[in-house]
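*Asks:* Now for the letters of each chain:
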Amino acid sequence: MLLIDCPHCGPRAQTEFSYGGAANVARPPAPEETDDAAWIEYLYLRDNAKGQHDELWQHIFGCRRWLQLRRDVISHEIISCSELRRPLAEDGP
Amino acid sequence: MNRYSFASLVRHGIMGHRGWKPAWRDPEPKTNYDAVIVGGGGHGLASAYYLAKNHGLNNVAVLEKGWLGGGNTGRNTTIVRSNYLLDSNARFYEHGMKLWEGLSRDLNFNVMFSQRGVINLAHSKGQLEAFRRRGNAMRLNGIDAELLNRDDVAALVPGMDVSGDVRFPVEGGLLQPRGGTARHDAVAWGYARAADRRGVDIIQNCEVTGIRRDHAGVSGVETSRGFIASKRIGLAVAGHSTQLAAMAGVRLPIESHVLQAMVSEPVKPVLDTVVTFGAGHLYVSQSDKGELVMGGDIDGYNSFAQRGNLPVIEHVAACLLALFPQFSRLRILRTWGGIMDMTMDGSPIIGTTPVPGLFLNGGWCYGGFKATPASGWVFAHTMATGQPHALNADLCLDRFHRGRALDEKGAGPKPWAH
Amino acid sequence: MADFRLHSGGLIDRDRKISFTFDGRSYQGYHGDTLASALLANGVRLVGRSFKYHRPRGIYGLGGEEPNALVRLRQGARAEPNIRATQIELYEGLVARSQNNWPSLRWDAASALGLVSRFLPAGFYYKTFMWPRRLWPHYENFIRRMAGMGRSPEAPDPDHYEKCHGHCDVLVIGGGPAGLAAALTAAEGGAQVWLADEGAQLGGGCLNDGDASAARDTIAALESLDNVTLLRRTSVFGKYDDHLYGLVERTGDHLASPDLGMPRQRLWHLRAGRAVLASGAIERPLVFANNDRPGVMLTSAALGYLRTYAVRPGSRAVINTNNDSAYGAAAILAAGGIEVAAIVDHRHMKERREIPGAEILHNHAIIDTRGKKGLTGVTVAQLDINGDAVPGSERQLACDLLCLSGGFTPSVHLYSQAGGKLAFREDIQSLVPKSEVPGMTVVGAANGDFGESEFIAGGAAMDRPVSLRKFRRKQFIDLQNDVTAADVELAAREGYRSVEHVKRYTTLGMGTDQGKTSNLNGIAVLSDALDRPPAEVGVTTYRPPYTPVTIGALAGRDVGPFLAPDRRTPMQECHEKAGAAFVPAGLWQRPHYYPRPGETMTEAVNREVLAVRRNVGIVDVSTLGRIDLHGPDVAEFLNRVYINGFKALAVGMCRYGVMLRDDGMIFDDGTVARMAETHFIMTTTTANAGPVMAHLEFYLQVVWPELRVHMTSITDQWAVAAVAGPRSRDLLDSLDSDIAFANQAMPFMAWRGGAIGGIPAQVFRISFSGELAYEIAVPADYGPAMWEMLLAAGQEFDVNPYGTEALTTLRTEKGHFVMGPEADGRATADDMGLGAMLSSRKEFVGRRSLRLPGLAGGDRLHLVGLMPVDGRSQIPPGAILLDKEMAGRAPDKAGHVTTSVFSPSLDKPIALAMARNGRQRLGAQLWAHSPLDNRIVEVVITDPVFVDPMGERLRA
Amino acid sequence: MPDPLTRQSALAARSGSDDLIQERTGLWIQRLYAPDREADFGDKIGLDLPGQANHVSQDKDLHALWVAPWEWLLVSEATANRDGLAARVAASGGALSDLSHARMVLRLAAEPARDILAKGCPLDLRPASFPPGHCAQSVLANVGILLHHLGDGAHMDIYTARSYGRFIHAWLNDAAPPA
Ligand SMILES: Cc1cc2nc3c(=O)[nH]c(=O)nc-3n(C[C@H](O)[C@H](O)[C@H](O)COP(=O)(O)OP(=O)(O)OC[C@H]3O[C@@H](n4cnc5c(N)ncnc54)[C@H](O)[C@@H]3O)c2cc1C
Ligand SMILES: NC(=O)c1ccc[n+]([C@@H]2O[C@H](COP(=O)([O-])OP(=O)(O)OC[C@H]3O[C@@H](n4cnc5c(N)ncnc54)[C@H](O)[C@@H]3O)[C@@H](O)[C@H]2O)c1
Ligand SMILES: Cc1cc2nc3c(=O)[nH]c(=O)nc-3n(C[C@H](O)[C@H](O)[C@H](O)COP(=O)(O)O)c2cc1C
Ligand SMILES: [Zn+2]
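Order-wise, the sequence lines are chains B, U, E and P. This note's numbering runs 53 ahead of the 1-based position in the first sequence. This note's numbering runs 137 ahead of the 1-based position in the second sequence. This note's numbering runs 296 ahead of the 1-based position in the third sequence. Counted from 1, the fourth sequence has number 48 at position 59 by this note's numbering; the numbering is strictly sequential.
Among the clues, some could well be false.
FRET-style restraints, in silico, Cβ to Cβ [unchecked claim]: (1) E/Gly683 to U/Glu165: 31 to 41 angstroms; (2) U/Ala291 to E/Gln1170: 19 to 29 angstroms; (3) E/Thr481 to B/Ala79: 43 to 53 angstroms; (4) E/Ser1135 to P/Thr14: 27 to 37 angstroms; (5) E/Ser731 to U/Ser145: 47 to 57 angstroms; (6) E/Gly389 to P/Gln41: 56 to 66 angstroms; (7) E/Ser520 to P/Ala98: 27 to 37 angstroms; (8) E/Glu722 to U/Ile151: 32 to 42 angstroms; (9) E/Asp522 to U/Ala291: 49 to 59 angstroms; (10) B/Pro64 to E/Ala373: 33 to 43 angstroms; (11) U/Ala291 to E/Ser1135: 47 to 57 angstroms; (12) P/Gln11 to B/Pro64: 26 to 36 angstroms; (13) E/Gly372 to P/Glu66: 49 to 59 angstroms.
Think about it this way: if two alpha-carbon atoms lie no more than 25 angstroms apart in a straight line, the pair counts; the simulated DSS-like pairs of lysine-lysine are [to be verified]: (14) U/Lys262 to E/Lys873; (15) E/Lys730 to E/Lys717; (16) U/Lys202 to B/Lys103.
Chain P stretches covered by chain E per the calculated footprint, using a threshold of three residues with CB under 8 angstroms from any CB of chain E [said to hold, decoys possible]: (17) 32 to 38; (18) 110 to 117; (19) 122 to 135; (20) 159 to 166.
Hints were generated in silico from the structure; no laboratory data involved. In this text, a Cβ means the ideal position worked out from N, Cα and C, and glycines have one as well.
Please work from the sequences and hints to get the whole structure.
*Replies:* What follows is the structure, given as C-alpha cells:
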C-alpha cells in the first residue's frame, strides 16, 4: 500500500487518498475556441507513460488538497509529491 | 501433429507418452510476413488462427515478448458472458459466446468451457430495475437472460446468505444461464496449436521494440530478434497498447491499471455458478480444480506492475464473506495482478487506426477474456479486408472523435472508474 | 502400538498430557506437540491421500513446507480443510480427520486411479472429454468431484478476526539464529524492532540441528528490551508497496477455541522502516521412483521431530543425500536411538566418513521404495557415469524411515515479492538473492549463507537432487499435486518449455504449499529435459501469501454490520418508530413508505401520493448533499460549473441547476440558494454528494485556482424535511414562526431564515413533487423535534409522512428526471428536454463537447412520457421500446422505459422513458416489450409532464 | 415530543451507556478559512491559530485545530456569543462555516484509544509521531475522522460526520477490548 507524503499533512496511507489521473492533461483555457481534435485529445487521449508518471491525487480524508505526484508505475516508487503547481504545467512538475 | 482424442490418449499412454509432438513449433522468424500480430495472448493467437482459417492468410507471425499466454490471458478470473446493455457490445460478445460453445472441438483442444451460469446480484429495487432493462435488452439481442428473485437466487446458489439480516440483503439478480467459465491457459494453448497447424509462426521471446513506417503506412516491426517486414501489423498487447501504438505515433484513450485476482485453497465443489456481488466489488467462481477464483476492482492508479496492494484483496475477502460467511475459514493460496488497458469509456477498441496497415485490438478493461474468440474473429476480418466487420464497426478508435463513446457504465472519461 | 516417544528431551511438557482424535481414534500427546509429532509418536504414519492419484501419504516436513499431511481440523462450524498437521499445535480434545478419500483413509476407492494413471498424464483433460459435446457437463462434474482437496466449512465462522495497523523501524522476518542476532543488533541501536516467526517457538533451525543455547540467550535478551516486539505464530505473508508488510498472527489457533473476546487471528498492516529477511532455508528432497510413501521424510524434519518433540519418526532409517549435511544428521538420529542403516550418497568421494553402525554407500542412489501404506524398504543401486543405475548393482535395504537430504533452498519469497532478482549458485544448487532491494536486507540461510554450520561447510559441492534420468515408475516432484518427473518431461516434449508453461501444464508448485519443496527440483528436471542450465530455466513468480491466509483474517472486522458504514439522518429514529419500510440509498437507509396496519405497499404509496396532491405530506430529505460556498467568486464559479447562469441570482432566492461532466453528459442536478452576496448553499443528489464535492474541488484547485471560493460539506449540519402539498402553507402558518410563508412574502424559489417553533430554520420554497412545497432545514440536533412538530401540527391537515416510493411517483407524474434511471451518464441536458437551460452566453464545464457529432446528432434518446394505450396496463419496468412495424423482426430499439409507476393522481399507469427522437414523436404508438416477464404493452408517447404542466400548483 | 431546543445528538436516542467512550455534545464547531495565504489573519480576527500542520492551539475554552493550509476547525464548549468573531472573519475576507451539528465527537482515554483506533485507522499513533496537542485527519473503518490528541496527553477526541456517528460508535465499542 502506497505511503503518500502529503506536503500539507505528512506521510499518509494510500487509503486516505483518491486518484485523479494524469497530471499533464491541461484543460484548454478557451474550450469554445478549441477545435474538435484538440478537445478530444484533452478529453480522452493519454500518454500512459510506462516509467515515471505525473499524476494527481486528492487527499480526500485529509486536507482535501489535490496533489501532484511523480511515481514510477513499474516499481510504484513515489519519486515526489508536491503541492499542485498553479497553473498546471503541461510538462509536469 | 497429433490429433487429441480419448483414443490417442490411450494409444500414447500405452507407449509411455513418448510419441507426443509439440503442440506448436518453435520457428525462427522469417524476414517477411503477410501479417504480423504483436502479442501472443488469447487475442493475438485467435486473430492469427482466424486469419488463416477464415481468410486463407497463412504467412502470418505472432510475436510474443515472453511466453505465450503469459499476459492477461494467463491471469484472469475466466468469466465468460455476454450480458451487456449496449447493443454494440451485446452483439459483439454474443458472437463470442456462440464461438465459445463450439470452441473445444473447433480447436481440438478442450478449453473446458463450462456454462454454469453467471449471476449478477441486486441489492436494491433500483439495481433490480436496471437489471430488468439490461435483461430485456439482452433478450431482444437474442441473448439468454433471466430475472431472479431472492428465492431463485437461493435455489441456484445454495449456501449463499440471502437473509434480510445482512448489511446488503440480496433482492434478486440477473442470470445468464449460458455464461460461465473456461480454462484460461487452454484457450491460449488451443489457439496456438490450431494456428500453428495452419502454418502460423508463433515466435516467443521476441519483443517488438519499434514500428517502421513509410509513406504508404507501416512496413514492419523492429524486434529483439531483428527487423521483420510486414505491411499489415495488428497490435494485441493488452496492457501495453499505448506503448506499441506510440511506436507508430498514435495516442490512445487508454490507461494501464493493475487488476488483482486470487484463489483459495482447493476444496470439493461448493459453488456451481459464477456470482457477482452488487453492493461491493467481487466476482467469484470455483475452478474445476477446486479453488475459489475471485477478483474485484482495479487498484485504481496507473500501473505496469503485475502486482497490487492489500486494500482490494481485503475488500474482496469482505464481500465474499458477506455472501458466504462459511468461507471465512478457507484460506487464500495466491494473489496476483495483471496490467489492464482501461479505456476512457470502458469498452474495447478494435479496428483500424489513423496509420494505414496498423490495426489495434486493445482496451479490454476487465472483460477481454470472454471476448477472445469474437475479438480474434473480427480482428482477423479487419486485418484481412482493411475494414471493420459489422460487429466491430462501433468499437473502432474513431468513436471517440465522433462523440460516440460506448459508456456501458455511464462513468465518464475516467478509466479507473469503469 | 509402538511408542516412538523418547523418555526425555524435546520442548514438550510431559506433565501436560493431551488427548486428541484422528479419524475417530483417540491418541495421546503432550503440550508442545504438533498434530504431526503426536501422530508420529503414536506410530501413525498414513495421514492423507494425494490430490490426483489418491496415493497414501504421510508426514514429510516439519512446518509450512509440508505437502502431504493435510487434514480437516476441528468440527462443526469451526471445521477447516487442508490444514498442515505439521503446523497444528496440539490442544486438549483436538479432532482431526483425513481428507480426499472414500470410504476410508486406508481403503480409498479412488486409489484405483493409480491403475490407469498412465492414461492420465499432465494435461490429459485438454486432450479429451470433447465428444460428444453434450456429455461435457457430466465429465466436468466428475472431474470437479475428483479434484478439490478437503471440504469447505458449511456454517458461519463462530470466531472473529481483527486487523491492526502497526509501525516500526525494523521488521525482522524469521526467528532463527540469523533473525535473532539481527533483531538484537537493531534493538541495541535503539530502533523499534518487531520480530515475527511462523512457529510457536523462536530459534528456527538450530532447535533441530544445532546448539540452541545461544539462541535462547538472545531470545531472553530481546524479551528484556521494551523496544522489541516478538510475534510468535506470526507469518509475514506479503510485502507490499512502501514497506508495508502483511502479517497474520495466529492468536487463537493453538487453543480449542479462542479465549473470550480474543480474535482467532490478527492481520497486521505493518509499516516498517526497513526489514531484515531471515526466513531460513527449506530442505530439498531427492527424486526417485515411489519417493512418496509414508515414512519418507525430509532429514531436517526427522531431526526436528527428534529434537523438538522427542519423537522418533522411525526405527530404522536410511538417509539419502547429495551433500555433507546428512552425516551430522545421521549422528543426531543415531544419538536419538534411531538405527541408521545406511547413508546413500550420490557423490563419489575419496575421503570417507564413518558413522558407527551405518553403511556408507557412495556413488549410490535410491531407485525405488517398498511398502503399501508405509515404507518397509528401499532399493539402492550404484550409479554409472551418466547417473544411471549400473545393471545388477541393485540391493534391497529394509527401513521404515527414509530421510531425504538434497540440499537447502533459501526462502527468498519475500525478497522476490519485493522485486529482488535471483542468481543461481552452483555450489548449493539454489537461487539466492542477487543484490539488495531498497529497504530489505537478506541474512542467514535465506541468503544462501549457511554460516559456520558444520554440515555444509567444507563439503564437496552438491550434485543434482534428481537421481535418475529415466522416468519409468512414478518419481514425484510435487507430492501434493502428484506431478512426476515424467510429467515435466512430457510438458517439455510437447512444447511447454517456459518454466511458467510447465507449471501451468503440470500444476507443479500450484498446491497449498506452493512448491516449497518441489519448485527447485522441477527446475532441475526441466533443465535436464531442455538441456539448458538451471539459471536459464529460471523460476516461477513468487506471490503472496507466503503461507495461505484465512479469508476471515483478510476481511477482519469488515463483516456483518461493519462491512460498510451506514449513515443515519437525524430523523432516523422517528422513521423507525413510525414503522417505515426502508430502502437502501447508497450507504443510507431511507424510508421507502410508511405502511399503516393492514396496508399493502401499493396502498400505502398511493395514500402517501394522494396526501401530497390533496393535502400535505412530509419527507426526510436530509440525505441530499449540501455544500457551503463562501467567497467573492462563488457566483462566477457556479456559472462555470452549471449549464445555466448564477450571476444574477438575487440574495434570498434559489435556482435549479444542472452540472455536466466535461464530456457533455449530465453529472448532477440540484438547487443553489444565495444566502448572502458571497455566500451560497448548493444541494446535490444523495448519491453524488461526495463526487460533486470532489469534482468542484478539482476545478477550483486544479483548473481555476484564481477563483476565491471556500467550500465545506455541510450535509451533516442540517436536518431537512420537505413539506409538500396544497396545504403545506397552512401547516407552516399554524406553527409559531417569524417567517412569512405567503406567496408575496416568499414566492416560489425564494428562501427565508428565521425560527419555527423556536428552532432556527432556513426555509426554501422549492418543489420536487410539483406541489406547493417548502424545504425546512434546521440544525441537525433539532431534526427530531422539527419532524415531530410538523407531524403534530399537521394532524389537523391530515399530514402523511411519505417515503422514496411516493417521491418517485410524484416526480414521475411531474416528468422530473433523476440521476440513474434517466440521466444514466450517457444523457445530455438536451436529451432531458433542458436545451433551453443551456446558457449560450458563457462557458461551462461540458459545453464544448455538446458540439461533437454524436452529441449534437439527430438520433438521440429523449425523455418522454408513456401511457398505456388501453389506459390500464402497467407499463413493464425496464421494458424496451420497439416500433410497431418492427415487431417480429430483428428490432432496432426505439428506446427504453426508465421509470414506471401507477399514478394515483391520474388513476392510471404512466411511465418515463428515453425514446429515440422522442420529442418529435409525441403521440406515436410503440410496443413496450419486456421479454423477461413475457409482457408487451402498447404505449403512446406523451409529454413527460403528466400533472400540472403549467406549474400552477407549485406557484400557488 | 422532545423539547425543541434541546439538542438531540447523534447518539442521543441510543439506549445504554458506556464508560469507555463519552460523547461530547452541544459543541460549537466552525470551519474557518483564511483568505489566500494571509499570514496575519489570526491577529486580524483575534485568534491564536496554529500555523503548523496538524497542530492545535488553545485559547481559553477555544481550540483551533489545523485541518488544511489556511483552514482550521474551531471548537468550543461554551455557547458564548461569537457574533463578534463572525463579523471580524467576514471583514477580513475569511469565511466561517457552521458545523456545530455536523459532527459527532467522542472522547476516549488515550491508552485504549490508541489500540482501538489501530484496528481500523492507518495513522501512526505512536506518541512520537502523534504527540499531545496534535490533530490529524484520517480514515477509520472507511469513514473520515479527525483525531485530536488532547494537550494533557491522556485523552483523544474523535470527530466524525454526524450521519456516521452511530456506526463509528458501534464500531469503536465492538473493537474495544472486553471490560
Ligand atoms: C486479474 C484479471 C482478471 C480478469 N478477469 C476477466 C474475466 O473474468 N473475464 C474476462 O472476460 N476478462 C477478464 N480479464 C481481462 C482479460 O484477461 C484480458 O482482457 C484478455 O486476456 C486480454 O487478452 P489479450 O490477448 O489481449 O492480452 P494478453 O493475454 O495480455 O496478451 C498480450 C500479450 O502481448 C505481449 N506483449 C506486450 N508487449 C509486447 C511487445 N512489445 N512485443 C511482443 N509482445 C508483447 C504480452 O507479453 C502478452 O503476452 C481479467 C484480467 C485480469 C488481469
Ligand atoms: N543443515 C544445513 O546445512 C543447514 C542449511 C541451512 C540452514 N540450516 C539451519 O538454519 C540456520 C540458519 O539460520 P536462519 O536464521 O537463517 O534460518 P532458520 O531456518 O533457522 O530460521 C528461519 C525462521 O524463519 C521463519 N520464517 C520463514 N519465513 C517466514 C515468514 N514468511 N514469516 C514468519 N516466519 C518465517 C521460520 O519459521 C524459521 O523459524 C542454521 O543455524 C541451521 O540450523 C542448516
Ligand atoms: C483461473 C486461475 C486459477 C488459478 N489457480 C491456481 C492454483 O490453483 N494454484 C496456484 O498456485 N495458482 C493458481 N493460479 C495463479 C497462477 O499461479 C498465477 O499466479 C497467475 O496465472 C498469474 O501469473 P504469475 O503469478 O506467474 O504472474 C490460478 C490462476 C488463474 C487465472
Ligand atoms: Zn493532506
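*Asks:* Hint by hint, say whether it matches the structure.
*Replies:* Each hint, compared with the structure:
no. : hint                                      : verdict
1   : E/Gly683 to U/Glu165: 31 to 41 angstroms  : holds, 33 angstroms
2   : U/Ala291 to E/Gln1170: 19 to 29 angstroms : holds, 27 angstroms
3   : E/Thr481 to B/Ala79: 43 to 53 angstroms   : holds, 52 angstroms
4   : E/Ser1135 to P/Thr14: 27 to 37 angstroms  : violated, 46 angstroms
5   : E/Ser731 to U/Ser145: 47 to 57 angstroms  : holds, 48 angstroms
6   : E/Gly389 to P/Gln41: 56 to 66 angstroms   : holds, 58 angstroms
7   : E/Ser520 to P/Ala98: 27 to 37 angstroms   : holds, 28 angstroms
8   : E/Glu722 to U/Ile151: 32 to 42 angstroms  : holds, 40 angstroms
9   : E/Asp522 to U/Ala291: 49 to 59 angstroms  : holds, 54 angstroms
10  : B/Pro64 to E/Ala373: 33 to 43 angstroms   : holds, 42 angstroms
11  : U/Ala291 to E/Ser1135: 47 to 57 angstroms : holds, 53 angstroms
12  : P/Gln11 to B/Pro64: 26 to 36 angstroms    : holds, 31 angstroms
13  : E/Gly372 to P/Glu66: 49 to 59 angstroms   : holds, 53 angstroms
14  : U/Lys262 to E/Lys873                      : holds, 23 angstroms
15  : E/Lys730 to E/Lys717                      : holds, 6 angstroms
16  : U/Lys202 to B/Lys103                      : holds, 16 angstroms
17  : 32 to 38                                  : violated (count 0)
18  : 110 to 117                                : holds (count 5)
19  : 122 to 135                                : holds (count 3)
20  : 159 to 166                                : holds (count 5)
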